[in-house]
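Colleague: Those sequence lines, one after another, are chains A and B.
For the first sequence, the working numbering begins at 1 and goes up steadily by one.
For the second sequence, the working numbering begins at 1 and goes up steadily by one.
Don't read these hints as lab results, they were simulated from the structure.
Please note that the accuracy of each hint is not assured.
Intra- or inter-copy, both count: the list cannot distinguish identical chains.
Claimed, not checked - Using 30 Å as the maximum straight-line C-alpha spacing, the simulated DSBU-like pairs for lysine-lysine come out as follows:
{"no.": "1", "residue 1": "Lys170", "residue 2": "Lys217"}
{"no.": "2", "residue 1": "Lys217", "residue 2": "Lys265"}
{"no.": "3", "residue 1": "Lys161", "residue 2": "Lys217"}
{"no.": "4", "residue 1": "Lys49", "residue 2": "Lys217"}
{"no.": "5", "residue 1": "Lys217", "residue 2": "Lys146"}
{"no.": "6", "residue 1": "Lys49", "residue 2": "Lys161"}
{"no.": "7", "residue 1": "Lys265", "residue 2": "Lys146"}
Protein chains: 2
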Amino acid sequence: MKRIVVIGAGVMGTAIAIHLANNQRPVKIWGTSWDRQAINEMKETGKRKELDVDVPTSIEFFYDDQLAEAVTSSDVVILAVTSEGIEEITRELGPYLNESQVILNVTKGIDEASLTTISTVIEQALPEDLRDHIPVVKIGGPIIAKELAHSMYTEAVFASKNDRATKIAKKAFESPTFKGNITSDIDGVDLCAAFKNSYAIGMGIMSGVEVDTNNSKAALMARGTVEMSVIVEAYGGCIRTASGIAGIGDYYVTSQGGRNGIFGKYIGEGLSHEEAFEKMGTRTIEGLAATRNGYRLLEELEHDGRIEIAKDVPFFNEIYQILFEGKNAKEAMRNYWSQ
Amino acid sequence: MKRIVVIGAGVMGTAIAIHLANNQRPVKIWGTSWDRQAINEMKETGKRKELDVDVPTSIEFFYDDQLAEAVTSSDVVILAVTSEGIEEITRELGPYLNESQVILNVTKGIDEASLTTISTVIEQALPEDLRDHIPVVKIGGPIIAKELAHSMYTEAVFASKNDRATKIAKKAFESPTFKGNITSDIDGVDLCAAFKNSYAIGMGIMSGVEVDTNNSKAALMARGTVEMSVIVEAYGGCIRTASGIAGIGDYYVTSQGGRNGIFGKYIGEGLSHEEAFEKMGTRTIEGLAATRNGYRLLEELEHDGRIEIAKDVPFFNEIYQILFEGKNAKEAMRNYWSQ
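Build out the structure end to end from the sequences listed, making use of the hints.
Modeller: In structure tokens, the structure reads:
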């Protein structure tokens, strides 16, 4: 039985640990210094408030100064920290890793500095002598943390160029309510996980421009998926990835609720970013960074002749222009529809 | 400017006529004997109640005994009758058709007798000397009639092996709020239009088995799309059709509401078909016939070695077994998830 450590005690990391513990796996959670309070609370109350769930007593907790202890004794290392923290955490992990381990990446996004996927950032941040020996697996698909923690039916995909590693990850997660798939297209899964946040903002914008209609949203559900296929293919991934659970599935669940969609709706109604942030009480909208960094990545691909942004991904192009070029949302949607 | 006649004054036919009239096209509506009352009402009140909309005064109305007059003077003949009536109506049209015309098929389903698509049924029912000369175009995608009639943003696809015909249809519909696409894969579009009704029932069943969750629905949104691709490919169509507006788009809008989804939810909650019919006040659930006839079609494809139902379309297989083999819905979903 593989021993697992989850790095990061945020809501998603904790939900994964709870699922794995319910699935009879030996699980540890290691928290950053920011997670101290959350860990203390779970240890003291036996509950995780944000997930409205009891924490299985089999889970072992480790504080930020216990990284060595948590990692060296684990077979699978699950990275569930923020995209900003991922490179540093991976470097900190380095000394405690060994060739027999597998890394599973939960974090989503496109790295601002390198314009590569988060899984690539992780690979690059591994100690040089381990870089080609520790496989990185990306988990993709529609996973609302609270539903996972409550053993609601969930399906996901595990992606890695290393077939053995995807199977190890799949086996750890699979349960009567958790269905796992595998693919070698880790780039495609990573890109979908980032870009679907942009498209969820776009869907929100549409619902602000034209209230309570479904034809338009259904059209953009299809269009977003088609464009994600185009992006994945241009990057060198597999055309089918976006039409599966990592693309459509995750795009669907993200646009059914959540901050990206709500933010988009405000923008569609004509509010400024600042006004929308204020109404929402937060400035953390995942899809904003995904759109900005995603656009830069597409510019690079365009420069290499692999994509034409305006022609091949017109919906994404309008989303970018609304969010970062000050284009009027109503006008952008009218423009998209008449292309 | 192409002159258009819509055959059938049901809600969808009328909505299409209204859209085309608003788009400055010369439009006639011809009604069957069942449509007399609806036509009289529109002529007298200038409104269509079910669509909550004014009927443009430019639309000309024709009764069931005026078929010749309505059809001979038209360039595009839009068929918008029920799937049960489509073969007979096409035969009745025969004498008034000529080689310069284009037929546009709105009707969805898989024909029970021949297990072919509705567009194929239309082609076969044309007069022999016209069969290879009048192109049949299928319109696909997410179109809620009321939204179309109110000029809400809508996107669709026009499919035909005849490129000229798809362009004529596209041009007639395109407007600042209506975006048209074209494809040669008419089989794929027809199959998606039928099977998405089955998958919408399946999505409803899931929401009856597990209330208020999203991970499962998102997973099945992806799975249904993947399975539609498999079905279309096995039939000889294009793998990309299901990942576009005719597949995902129509599946999404159908499962967001409507009778298929509601019926499925009742079945998922454990009601019998009869109990669900009674609660809904109707026995007309499109997805039921689509699932029954669709399954028979897949059995034929399986017999020819083109698909393995249980392995290649497991979600559809469970839906069929729930609806027609008396399988318990909870058990079927548990079974699907653990495959």
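Colleague: Indicate which option fits the pair Lys49, Lys161 if close means a Cα-Cα distance not exceeding 30 Å: within, between, both or neither.
Modeller: neither (37 Å within a copy, 58 Å between copies)
Colleague: At most 30 Å between CA atoms: does that hold for Lys49 and Lys217 within a copy, between copies, both, or neither?
Modeller: Between copies, since 25 Å is at most 30 Å while 33 Å is not.
Colleague: How would you classify Lys217 and Lys146 at a CA-CA limit of 30 Å: within, between, both, or neither?
Modeller: Intra 26 Å, inter 15 Å, cutoff 30 Å: intra and inter.
Colleague: As a check of your reading, is Lys170 near Lys217 (CA-CA no more than 30 Å) within one copy, between copies, both or neither?
Modeller: Only across copies: Lys170 and Lys217 sit 21 Å apart there, 33 Å inside one copy, limit 30 Å.
Colleague: Using 30 Å as the alpha carbon limit, work out where Lys265 and Lys146 are close: within a copy, between copies, both or neither.
Modeller: Intra 24 Å, inter 23 Å, cutoff 30 Å: intra and inter.
Colleague: At 30 Å max between alpha carbons, let me know whether Lys161 reaches Lys217 within a copy, between copies, both or neither.
Modeller: Classified as between; 28 Å across copies, 35 Å inside a copy.
Colleague: Should Lys217 paired with Lys265 be assigned to within, between, both, or neither, using CA atoms and 30 Å as the limit?
Modeller: This pair counts as both: shortest intra-copy Cα distance 12 Å, inter-copy 22 Å.
In this structure, only the earlier hint numbered 6 is contradicted, and the remaining ones agree with it.
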